[in-house]
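Novice: Residue-level listing of the chains:
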Amino acid sequence: MKVVEQRERPVETGRLPMVKGEAGQPGEKVSGGFWAVMGWVGGGAFGWVVAALLSLIASIKFHSPGFWADTPLLTYGRVRVAALQGMWWGGAVPLLFGAMLGWMGRSAPGGVRFSGLALLGAIVWHLGACLGIVGVLLGHTTGYDGWGMPNAAVWVCVAGLLLFTVSVTATFHNRGERGLQLAHGFLWAGYLWLGWVSLAAFVLLGLQPVRGVLQWLVDAWYVANAQMVAGTLLGWGILYAWLPVWTGRPLYSRYLGMMTFLGLVMLAGWTGVTPSAPVPAWLPVLATVTTVLCIVPWTAAWLNWRGSVSRCGCVLWRDAVACFAVVGCVAFFWSAVGKLGLHVPGISTVLEFTWWEPARHWAHVCGFLGLTGVAGTYAWLRSFPEREGRAVAARTQFWCLTAGLVLCVAPLAVAGIVQGLSWQDPSVPNVEVLRRTLMWLRLSTVGELLMLVGWILFCVTLSSLALKRGRACWSDGWRRITTPLQEQETAK
Amino acid sequence: MSMQSSLDPQSVTDAKAGQVTVPMWLVVLLAVLGYWGMVYFDHHGGWFDARVYAPFASVSVVNELQPVSGAEAFVNRGRAVYETTCALCHGSDGQGKPGQAPPLAGSDFVLGPSGRLIRIPLHGLTGPIEVRGQVWNLAMPAMGAALSPEDLAAALTYIRQAWGNNAGPISAAEVEAVKAATAGRTLPWTAAELKSIQ
Chain R
780 MKVVEQRERP
790 VETGRLPMVK
800 GEAGQPGEKV
810 SGGFWAVMGW
820 VGGGAFGWVV
830 AALLSLIASI
840 KFHSPGFWAD
850 TPLLTYGRVR
860 VAALQGMWWG
870 GAVPLLFGAM
880 LGWMGRSAPG
890 GVRFSGLALL
900 GAIVWHLGAC
910 LGIVGVLLGH
920 TTGYDGWGMP
930 NAAVWVCVAG
940 LLLFTVSVTA
950 TFHNRGERGL
960 QLAHGFLWAG
970 YLWLGWVSLA
980 AFVLLGLQPV
990 RGVLQWLVDA
1000 WYVANAQMVA
1010 GTLLGWGILY
1020 AWLPVWTGRP
1030 LYSRYLGMMT
1040 FLGLVMLAGW
1050 TGVTPSAPVP
1060 AWLPVLATVT
1070 TVLCIVPWTA
1080 AWLNWRGSVS
1090 RCGCVLWRDA
1100 VACFAVVGCV
1110 AFFWSAVGKL
1120 GLHVPGISTV
1130 LEFTWWEPAR
1140 HWAHVCGFLG
1150 LTGVAGTYAW
1160 LRSFPEREGR
1170 AVAARTQFWC
1180 LTAGLVLCVA
1190 PLAVAGIVQG
1200 LSWQDPSVPN
1210 VEVLRRTLMW
1220 LRLSTVGELL
1230 MLVGWILFCV
1240 TLSSLALKRG
1250 RACWSDGWRR
1260 ITTPLQEQET
1270 AK
Chain Z
2 MSMQSSLDPQ
12 SVTDAKAGQV
22 TVPMWLVVLL
32 AVLGYWGMVY
42 FDHHGGWFDA
52 RVYAPFASVS
62 VVNELQPVSG
72 AEAFVNRGRA
82 VYETTCALCH
92 GSDGQGKPGQ
102 APPLAGSDFV
112 LGPSGRLIRI
122 PLHGLTGPIE
132 VRGQVWNLAM
142 PAMGAALSPE
152 DLAAALTYIR
162 QAWGNNAGPI
172 SAAEVEAVKA
182 ATAGRTLPWT
192 AAELKSIQ
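One line per chain: the protein sequences are R and Z, in this order. If you use the working numbering, the first sequence corresponds to residues 780 to 1271, in order. If you use the working numbering, the second sequence corresponds to residues 2 to 199, in order.
So that you can see chain R by itself, here it is in the shape it has in the complex (with noise of 0.2 angstroms):
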């Protein structure tokens, strides 16, 4: 194997990764796209404590109703239907695509394009996430499961995009090396796929509404949608772009990784519809065949991830980064079970409708967009010198996310499968069922906590990098300012 050198890459420092910018000062344009990406990672950053404090208020009122009963912002409806939408508008989301941007600037020499324009975009779409939040808290929900942003929100944070989108096309086209790596495929397909079907839901949902059960039936198709293909292809779009520089080596497989793609893109859209979906028999059949046949797909990326990072386990557990896209590795891959067990017939008749689906939905959102995210966000600051000494608050975070996770999704499952297991006997009554749960729901809500406190440090970590870089350019800039004057000084 051969290192593909990039051409204008001094690597002088070991810290600014590319850049001698077209006009002079080296770093300018990374400073640049410094503040564009954190833009948007930052803005998801806040998104997710956003989000994690509302769903753990969602949470608690589950199990207290008379918890803030009084204030009608804070019923248990719109609280969780908020918590849900920030997670994804707010969180997942931009994270993703500040990840990405990230990524494709650092592989084009010189950095992010418009980045300008990037953060003006991450600016106005955080407006329209927190438009989007405040409306839901407001009561201005949709009332759908999936698709939950008011309209005046969605046309906010398509504005946004539009504005990422310029900036990351060019960025994209000013790429040092011209050959396509997977990581492009993933992540730009996911891009594309996420911006159509949320303008497919926008417009049968938000603007003009479909009848009847057509209604659930866009909305679940929206969701698995966003979230199987569109999310799953970003996920590992990020996964595929960093593991060559955490391991050392190439991916392990292009075709696999090909046969993942494939296998997303062409069936998992179709698997979102229950098996006991009111609607005719066909869609629940074939959301059922669909999603065992994700099998494959899944494997693919399974065999990938297991070549890829083989021999260096270890070194990846033990890097304060990588670590965060091992857990959410594994959070896919136990979503991915979560969701072959809501479809299996003989199981499904079991999980559906508990608590079974909820974890899926945490292990996949939150575990693995949200970490891989953040390791998306921790790869790409590597490049910057102010990352000293933030490594204990990321192993923090680390640690908080990762045990929260899993007191989190492990407990919801178990409570799902109590939940299937006794409304299978008819002579139990429904309180006792529900009483059955309680003590996993209670767990759970703990594990929301610790999650809650590691996007809180993770906010931190992010703002205060911000502050010492921001503090670090405006020092600089003084200087420019300063020195000539005193040079000329001196010469007189």
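Think of the hints as simulated: they come from the structure by calculation, not from any bench. A few of these clues could be false.
[Unchecked claim] Here are the computed distance ranges between Cβ atoms for each label pair: (1) Z:Ser61 with R:Trp975: 35 to 41 angstroms; (2) Z:Pro24 with R:Arg990: 33 to 39 angstroms; (3) R:Phe1112 with Z:Pro68: 21 to 27 angstroms; (4) R:Phe1112 with Z:Ala88: 30 to 36 angstroms; (5) Z:Ala74 with R:His842: 55 to 61 angstroms; (6) R:Ala931 with Z:Thr22: 34 to 40 angstroms; (7) R:Arg1250 with Z:Thr22: 49 to 55 angstroms.
All values derive from a computational prediction rather than experimental measurement. We put the CB at the ideal spot given by N, CA and C, even for glycine.
Model the placement of chain Z on the given structure of chain R, informed by the hints.
Specialist: Then chain Z, alone, in the frame of chain R:
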């Protein structure tokens, strides 16, 4: 490139993916699951029919369980009678069988006056007849004599409306009227006799 375990971001920048091929067992797994998927869909999916909901699996199952009333129920009953009493000779597609029985689809006896048609199963038919331009010279026993007027009327209505036939229904009252008019007759009809009945 050497196997570096260093996690320095600069060490590998644009390493491509390796060329390890997809293992054969995964391809086999895909084929097996694909086959299972087709069979499963075939058995449970109702072939994209919007009327089939779980736990039913096909439109014919659903149709059988469908409560029907009026003319439709009458024709359904007629089909059942026909399938058990007449189809053996005339075929369930109404096309007849060479050397055994002439076709009912497109036959003038079936589509013509109800008085003629009712008489055939009541007492049988014998001698040369012409159906769709072809001459048949066989004998049909009185296959409908034992049927209730309702069942016979239903069966005759069915053959008048199935396989592209398009003639009016026959009521149980008409059958009873013919029965009364021909009471005491034991001989089968001939084509010439039937022709005189309007």
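Novice: Taking the hints in turn, state whether each one holds.
Specialist: Hints and how they fare:
At about 38 angstroms, the beta-carbon gap between Ser61 of chain Z and Trp975 of chain R stays in the expected band of 35 to 41 angstroms. Take Pro24 of chain Z and Arg990 of chain R: their Cβ atoms lie about 48 angstroms apart, and the range 33 to 39 angstroms is violated. Here the CB-CB span from Phe1112 of chain R to Pro68 of chain Z is close to 49 angstroms, at odds with the stated 21 to 27 angstroms. Hint check: Phe1112 of chain R to Ala88 of chain Z, Cβ distance near 58 angstroms, so the stated range 30 to 36 angstroms is violated.
About 57 angstroms separates the C-beta atoms of Ala74 of chain Z and His842 of chain R, a value consistent with the hinted range of 55 to 61 angstroms. Judged by the Cβ atoms, the range 34 to 40 angstroms given for Ala931 of chain R and Thr22 of chain Z is violated: they are separated by roughly 51 angstroms. Range check, Arg1250 of chain R to Thr22 of chain Z: Cβ separation about 52 angstroms, and the 49 to 55 angstroms hint holds.
The structure is inconsistent with the numbered hints 2, 3, 4 and 6, although it conforms to all the rest.
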